[in-house]
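> Below are the chains, spelled out letter by letter.
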Amino acid sequence: MSILIDQNTRLLVQGITGREGQFHTARMLEYGTNVVGGVTPGKGGLTVHGVPVFDTVAEAVRATGANASVLFVPPRLTLDAIFEALAAGLKTVISIAEGVPVKDMLQVYHYTKNLPDVHVIGPNSFGVISPGKAKAGFMAHEIYSQGPVGLMSRSATNSYETVLGLTRRGIGQSTCVGVGGDTIPGTSFVDLLPLFEADEQTKAVVLIGEIGGADEEIAAEYIKNHMTKPVVAYIAGRNAPKGKKMGHAGAIVGASGVGSAQSKIEALAAAGAYIAESPDHIGELLEKILS
Amino acid sequence: MKLYEYQGKELFRNSGIPTPRGHVIRNLAELDSLLPSLSFPVVVKAQVLVGGRGKAGGIKTAASAGELQEYAKNLLGSFLKEDKVIALLIEEKVAALEEYYLGVTLDRATRQPLILFSRKGGMDIEEVAKETPEAIARIHVDPQMGLRNFHLEQLVKAGGVTDPDVKKGVQQVAQALYRLWDTSDAALVEINPLMVLADKTVVAADAKVDIDDSALFRHPELEAFRRELPESELERAARETGFLYIDIDPEGNVGVISNGSGMIMSCIDWIARHGGKVTCALDLGGGATADRVARGIGIVLRNPKVKSLLISIFGGITRCDEIAGGIVRAVTEKDVNIPIVARLEGTNKEKGLALLAEVSGKTIEIAATLPEAADKVLRVQGR
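Those protein sequence lines, which keep their order, are chains A and B. Just so we're aligned, residue 23 is where the first sequence starts under the working numbering, counting upward by one. Just so we're aligned, residue 983 is where the second sequence starts under the working numbering, counting upward by one.
It is worth saying that the hints were derived from the structure and are not from the lab. Ideal placement from N, C-alpha and C gives every residue a C-beta, glycine not left out. Hints may be right or wrong, so weigh each one.
So the derived label-pair ranges between C-beta atoms look like this [stated by the list, open to error]:
(1) A:P216 x B:A1350: 33 to 39 Å
(2) B:A1336 x A:K246: 45 to 51 Å
(3) B:N1009 x A:A48: 55 to 61 Å
(4) A:P138 x B:P1146: 45 to 51 Å
(5) A:E309 x B:A1350: 52 to 58 Å
(6) A:G279 x B:K1287: 29 to 35 Å
(7) A:G111 x B:G1004: 31 to 37 Å
Covered by chain A, according to a simulated footprint, are these stretches of chain B (three or more residues, beta-carbon under 8 Å) [what the hints assert, rightly or not]:
(8) 1084-1091
(9) 1097-1108
(10) 1236-1247
(11) 1297-1307
Examples of chain A residues lying across from chain B (beta carbon under 10 Å, computed) [to be verified]:
(12) L68
(13) Q129
(14) G234
The whole structure should be built from the sequences, with the hints applied where relevant.
Okay, structure coming up:
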């Protein structure tokens, strides 16, 4: 078991003929991921590392039986690429791109919010990896190992730090999900918690958040009411500089304190999550929790 | 991209939101040619992006041409907080019966646009939000539905506007402001104060507009505004190389280069834990090549406050050999006279470390973990 992707995943790579698309298709294949096809409009008929390329996602799905897609397309084309994947019936769509307009993701969020089996991961995400089974994204897969910890993170680099620490301690992972660092992610912590709770392989969950937004506070509410598995949380940005503030709307919305590192840590602690002081401390806590 | 007041007001007028009549001047010669057409009193408003401009002395009322010239001479080129005054907005003075607040922003918690309105606008609106939050009307708009008449009705009702003329004026401005937010990919549009005049018309006396940087590519009409915005030399150099340069703590003396904001925050946290302060950071984003990395290092080293540099990379889409290649190029081709601590993990780490080994002893120290790197980057200072 694991969540979102596993050995049964038949993965498409949208944007497979680009520089990053080609490089990471090779890396995903090397990891043993079942990459069944790629899509680049106008490049149908080519192959990339032996993977057939199609002009459209619909054609690729028909020909290969693909059931998930990872997008190596530029930010300006991401909205189109996500909708093309959803229109072709795919339920798991993973977007890597950094710099997708907020308004585009607002559209994706509201289109998918009442479709519980659809998961748009990212954008601005390292992807998803279920160690030993499959990866869809660009994470350095050498550091991962199979095991009982489900991980979800807004930051790619902080999740790598954490995973490296876990693997060095002999603690493996069920699935690691890059929620992504953008203002509006497609799938957020609160959507992934029930998947980890239901997953047999996952015995504990790691949540790596950061300042800004309310997703950690919303996740805390879910943890308090629904999670039986232990959750370890780390919030980055306690010493981060405040951005040059403009206008008052942010202060009015944030008058209750939501969004600060302190608010998130307090909410998660009150919900019963273990609070880690650094990425490395996460491993230390899990060693005790899992033993 | 945060806009100056005069730029925001241009967008307002194009959207049908009334503003006071005004002119922008950038130097005293422009003021001289403007003077004959002015009738006094006028309001002189320094164009800066920092908040609290009024309290910092950036807004004056001039009763005569002489007074105006005096204010203009003092304000132009001066600094309000950390912002240099590059232009003045000279506006007709309007007499307000009341000052309201009106803004549209994205509520990240509900992922919906949020319209904020209060009859208690003005400089103390944040105090109002803390002490009497019920005095601020908050109306969420489902973006799939769009702004409807019932939203506007709820807005004035919750905001306590009863006069039919004022109500109509507020609703018209709210509708136009929402449309501007929606069509310009704005993160924020805000009017504070929204003035109610004696004839019960409403006028936007200020403008705060912030546009989503990621969406600027589809707003060529805003490109002219961007060229007028302040940008430090280092910020511009970084942007032109595809990186993001951030000033952090003016009292700090460590520079940080990393690949992503999460890692940068963790570096700042770790250096703070070891008793140090970061003065600036460069975010390489994902996938930087050696050539660009070398240029990025050069940009950070141009900040004279930087006494040691931490380069911490956890490569996913970023390849450690490209990073190392950039470091090697920087120390061999540029005049690097401060110590660099490098910490590489992830994609192509071994290749990267091998490259760095070839130039070891050239002010580069390697760290295996982030805590070790944070410790080392402080210890190497002043050696």
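> Evaluate each hint against the coordinates.
Tested hints:
no., hint, verdict
1, A:P216 x B:A1350: 33 to 39 Å, "holds, 38 Å"
2, B:A1336 x A:K246: 45 to 51 Å, "holds, 49 Å"
3, B:N1009 x A:A48: 55 to 61 Å, "holds, 58 Å"
4, A:P138 x B:P1146: 45 to 51 Å, "holds, 46 Å"
5, A:E309 x B:A1350: 52 to 58 Å, "violated, 20 Å"
6, A:G279 x B:K1287: 29 to 35 Å, "holds, 32 Å"
7, A:G111 x B:G1004: 31 to 37 Å, "violated, 55 Å"
8, 1084-1091, "holds (count 7)"
9, 1097-1108, "holds (count 3)"
10, 1236-1247, "holds (count 7)"
11, 1297-1307, "holds (count 3)"
12, L68, "violated, 23 Å"
13, Q129, "holds, 8 Å"
14, G234, "holds, 7 Å"
The structure does not agree with the numbered hints 5, 7, 12 stated previously, though it agrees with the rest.
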